[in-house]
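Engineer: Protein chains in written order, with the numbering used here: chain A, 42 to 481; chain B, 311 to 627.
Keep in mind the hints are simulated off the structure, nothing from the lab. Idealized CB from N, CA, C, for every residue including glycine. Incorrect hints may have been included.
What the hints assert, rightly or not - One-sided and incomplete, this derived list gives chain B residues near chain A with beta-carbon spacing under 8 Å:
| hint | residue |
| --- | --- |
| 1 | I373 |
| 2 | Y476 |
| 3 | D478 |
| 4 | G481 |
| 5 | S527 |
| 6 | G569 |
| 7 | L571 |
| 8 | R584 |
| 9 | I586 |
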Amino acid sequence: MSFTRRRFLQTSSAVAAGAAGSQLLGVRRPFAQDTMSFEPEPGAELRLLRWSKFVQGDEDMWIANTKKFTEQTGVPVRIDNESWEDVRPKAAVAANVGSGPDVILGWFDDPHQYPDKLVPLTDLAEYLGNKYGGWYDAAQKYGMRDGEWIGLPLGASGARMVYRQKWVQDAGYEEFPTDYQEVLDIAKKLKANGHPMGMALGHGVGDANGWTHTILWGFGGKMVDEDNNVVLNSQETVDALEYVKELYQSFIPGTLSWLDPNNNKVYLAGDIGATNNGISVWYAAKNSEDPAMQAIAEDTYHAEMPVGPVGKPTELHLFTQAMVFKYSKYPNAAKEYLRFMWEKEQYEPWQLAATGYISHPLADYANNAVWTEIPKSTPYRDCVKNMLWNGYSGDLSYASAAAMADYIIVDMFAQAAAGERSPKEAAEYAARRAERYYRV
Amino acid sequence: MAVDVNQRRAPAAIEQPGRLKRLSRSKGMMSLWFMMPAATILLLFLAYPLGLGVWLGFTDAKIGRSGVFIGLENYAWLFDDPVFWLAVFNTFLYTVVASIVKFGLGLWLALILNHHLPFKAILRAVVLLPWIVPTVLSAIAFWWIYDAQFSIISWTLVKLGILTEYIDFLGDPANARASVIAANIWRGIPFVAITLLAGLQTIPQSLYEAAVIDGASPWQRFRYVTFPMLTPIIAVVMTFSVLFTFTDFQLIYVLTRGGPLNATHLMATLSFQRAIPGGQLGEGAAIAVSMIPFLLAAILFSYFGLQRRRWQQGGSD
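The whole structure should be built from the sequences, with the hints applied where relevant.
Structural biologist: Structure, rendered in structure tokens:
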């Protein structure tokens with residue numbers, strides 16, 4: 042490695058000094074001189090595979106930042122885009138065959154499926170964590186394995202309740218409620234007024250998994266305990282299923298078949314009063330030249346995900362992180378590229394350009410102007426802070442990834458909502474399915 | 311003397327070439343050389359992946375981990391997995407219903423197109439359209455057609471006053487199964503129709519003339535001339551049609567991802583879901599391998615069943 046020991050010690054000591062000093066004051070402020078860099082290998086060139094943009098500003102600024110990196114280091118970076126759901130299989134194949142992009146922006150537990158194929162990023166992650174106020178808990182959980190960082194969290198494509206202000210006010214609420222019982226109440230009123238809610242219960246990886254996990258955990262239910270024993274068949278789970286069964290009665294018809302794009306389409310058609318989604322719905326309406334869309338954007342507001350009986354946020358969001366593969370001939374260049382892109386000078390303008398579509402995993406970026414300059418982005422600010430991880434409260438593993446890919450939680454809620462099984466039977470059935478993956 | 315000996319030996323050397331030369335001139339060797347490229351392609355791109363898939367099915371391979379031999383454990387777990395059996399049921403239902411309807415409608419369309427119709431060439435081209443359009447594109451079109459809120463079918467029926475509310479095409483398990491089967495039928499008919507049409511055009515006209523002279527009715531002409539002459543091509547077409555339908559993936563993946571409640575999961579989609587997004591390569595391979603016996607049975611039935619002379623002549627076993 043071209044990153045010399047001496048240079049690392051200089052950086053580490055500066056970072057450590059800064060961190061220690063700030064901890065005495067109860068906060069972790071960045072130290073002025075804390076910089077770190079990895080010297081790219083001679084002749085290095087990089088290939089990055091990332092998910093296709095959800096909002097145009099993201100891609101434009103990502104490319105601009107990458108161009109800046111190339112100008113400063115001379116390392117060309119080729120950026121390949123794939124539909125977000127296709128990144129996972131491509132990353133898996135790259136890991137399996139030992140060839141492919143140097144860096145991949147993957148999802149959820151991807152790094153935990155092939156940890157030994159990845160370049161450890163501990164030095165870089167610790168440096169960034171110390172410099173920018175520390176990593177949020179869920180980000181650490183996603184990025185680390187056995188004390189080593191194997192992924193570098195980029196953030197979450199967070200989901201919030203997206204709603205039409207006027208219709209919510211017509212239903213007697215000033216803003217969309219965050220209490221479960223009030224959500225049930227407003228859902229009934231919205232339906233009575235002809236503007237029902239709708240949230241995906243089909244095999245939509247992002248939306249369906251997001252809100253169903255949030256409610257399951259909000260009632261205290263979970264798939265596994267800390268020792269990865271399946272505990273899904275519990276009274277808390279049944280309570281969550283009873284709740285969703287009642288909530289579903291107020292949904293617009295057809296949500297059992299909804300994939301990720303459905304709620305966006307229906308919301309923009311003005312057929313529903315509220316749904317759970319990223320900021321992309323509002324962004325699409327705002328940037329449309331159609332006056333009807335502009336009016337929808339004007340009336341669209343965002344609220345934090347409801348908090349359940351457990352009394353604290355229990356959210357699940359699409360979480361993305363960078364992975365550097367061991368087959369890469371230029372690991373230093375890759376790490377330097379990631380460092381550059383994660384630094385405040387690049388990260389904050391990128392987050393702003395994307396109107397906060399990606400919520401940060403580093404605490405200091407909560408001060409980014411995006412959360413104040415664009416008020417409708419503000420509810421998305423704490424997505425990662427409020428987040429739990431897939432497979433909570435067990436480990437991220439093959440089992441957690443497989444259980445999510447098999448839609449065990451989504452199907453459980455869909456079965457109870459549709460009346461295909463009683464909540465108790467749905468919980469038992471889902472627990473049996475989960476045990477297949479969590480078997481020793 | 312020495313000169314004489316050399317003179318005698320020289321012609322013998324020309325007549326008896328070296329072993330390598332003789333080998334290269336051998337007919338068998340030449341055949342082997344000509345077969346090599348095809349054999350290499352078959353081995354590399356068919357036999358090896360198939361063998362690897364079968365092997366993976368006996369391992370606990372996961373993405374990024376090669377796995378170890380676990381015998382029949384994957385199959386034992388699948389045997390106890392209700393989602394797997396639901397996918398098997400769905401696959402059979404999907405294949406049987408779609409194949410029968412595709413055959414019926416395809417044959418009917420072929421018979422119509424075989425007659426002298428105005429704009430015959432254009433009509434034949436139009437019939438091929440569903441087959442030409444990339445599956446993913448037609449699947450996206452169906453996704454809109456079946457949309458719970460924007461379906462053109464529901465909209466029309468509501469506007470005509472036939473229905474009061476939109477049909478939940480993909481949200482109800484029974485509707486979803488019927489909808490994906492209908493989409494598959496729409497897409498598969500042209501293949502059956504055009505291939506059978508090609509078969510129809512090879513039947514000598516003299517046979518029909520002889521049948522007419524013998525006083526055969528149109529149905530008798532179809533039953534005793536057209537159908538028996540067409541059975542070899544029906545065997546081939548239906549073999550392919552069954553294979554395509556049984557292994558369908560794209561339509562389901564775009565329309566439902568196997569939902570709702572796994573009601574439209576086919577073995578192919580479940581195999582992908584478990585192997586790639588789920589990371590369980592061994593189990594995914596085991597599901598894929600489980601399809602092989604069914605596919606072999608379909609092929610054997612088509613080849614050895616439909617081509618039986620007795621069947622072709624209208625008899626039975």
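Engineer: Against the structure shown, which of the earlier numbered hints fail to hold, in ascending order?
Structural biologist: Result: hint 5 breaks, nothing else.
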